[in-house]
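Peer 1: In order, the protein sequences belong to chains A and B.
Each residue of the first sequence is one higher than the last, beginning at 28 in the numbering used here.
Each residue of the second sequence is one higher than the last, beginning at -2 in the numbering used here.
Take the hints with a grain of salt, since some may be wrong.
Said to hold, decoys possible - Rough simulated footprint, nothing fancy, chain B against chain A, three-plus residues with beta-carbon under 8 Å:
hint, stretch
1, 42 to 56
2, 89 to 97
Claimed, not checked - Not the full set, but computed from the structure, chain B residues with beta-carbon under 7 Å of chain A:
hint, residue
3, P5
4, S24
5, H26
6, K39
7, F102
Because the hints were derived from the structure by calculation, they are not lab data.
Note that the Cβ used here is the ideal one computed from N, Cα and C, for glycine as well.
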Amino acid sequence: KNEVEQSPQNLTAQEGEFITINCSYSVGISALHWLQQHPGGGIVSLFMLSSGKKKHGRLIATINIQEKHSSLHITASHPRDSAVYICAVIEAQKLVFGQGTRLTINP
Amino acid sequence: EPEVTQTPSHQVTQMGQEVILRCVPISNHLYFYWYRQILGQKVEFLVSFYNNEISEKSEIFDDQFSVERPDGSNFTLKIRSTKLEDSAMYFCASGRSSATDTQYFGPGTRLTVL
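Sequences are here, hints too, so could you generate the full structure?
Peer 2: Quick look at the structure:
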């Protein structure tokens, strides 16, 4: 069974800072998802990636399949980026979730 | 933009009662999922559903749980005899293809078992 660990668990930063959230997993996978959970509870898919890097606006996600590690970066962070960011690895027909990283961006 | 909807948003029930949580996935999606999140804990996979049958289920998804796609649009999760520990947020999700494709989540149903 895959163990998915995220770090840090909580992160507080000032507006404009560059943010990095890390995800590591124990068993080799083909791909993983990065998700955002809003303060109200809703979940939005940010990225699905299987290799290399993807960019969407100020968000960048990278994955190293050999090292079993992925990172999510936010450039020029803004208070509206405050949310829980969740890494989820794909295992057959299911997602195995990390515990999430709670990000707070102060103005 | 199409979205996944769930009803009700909040359900309160007595222990031992049956509950049905309803989801309307995005219309051209073929893969459907239920997840749950106990307060303060991580999201957990319950079940995936494709071609009118369960494709995978977790150890949480025991005989008390069942899923159905009764009419080609709704996707339901039934809990036959609720327990206190079933209190959680339940999320439905759908996707065009397999788990490697983007999944679109509904807003969730908060289930409270008293």
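Peer 1: All the hints need checking, so say for each whether the structure fits it.
Peer 2: Verification of the hints:
1. 42 to 56: violated (count 0)
2. 89 to 97: violated (count 0)
3. P5: violated (14 Å)
4. S24: Result: violated, 18 Å to nearest chain A Cβ.
5. H26: Check failed: Cβ of H26 of chain B comes no nearer than 13 Å to chain A, outside 7 Å.
6. K39: Check passed: Cβ of K39 of chain B comes within 5 Å of chain A, closer than 7 Å.
7. F102: holds (4 Å)
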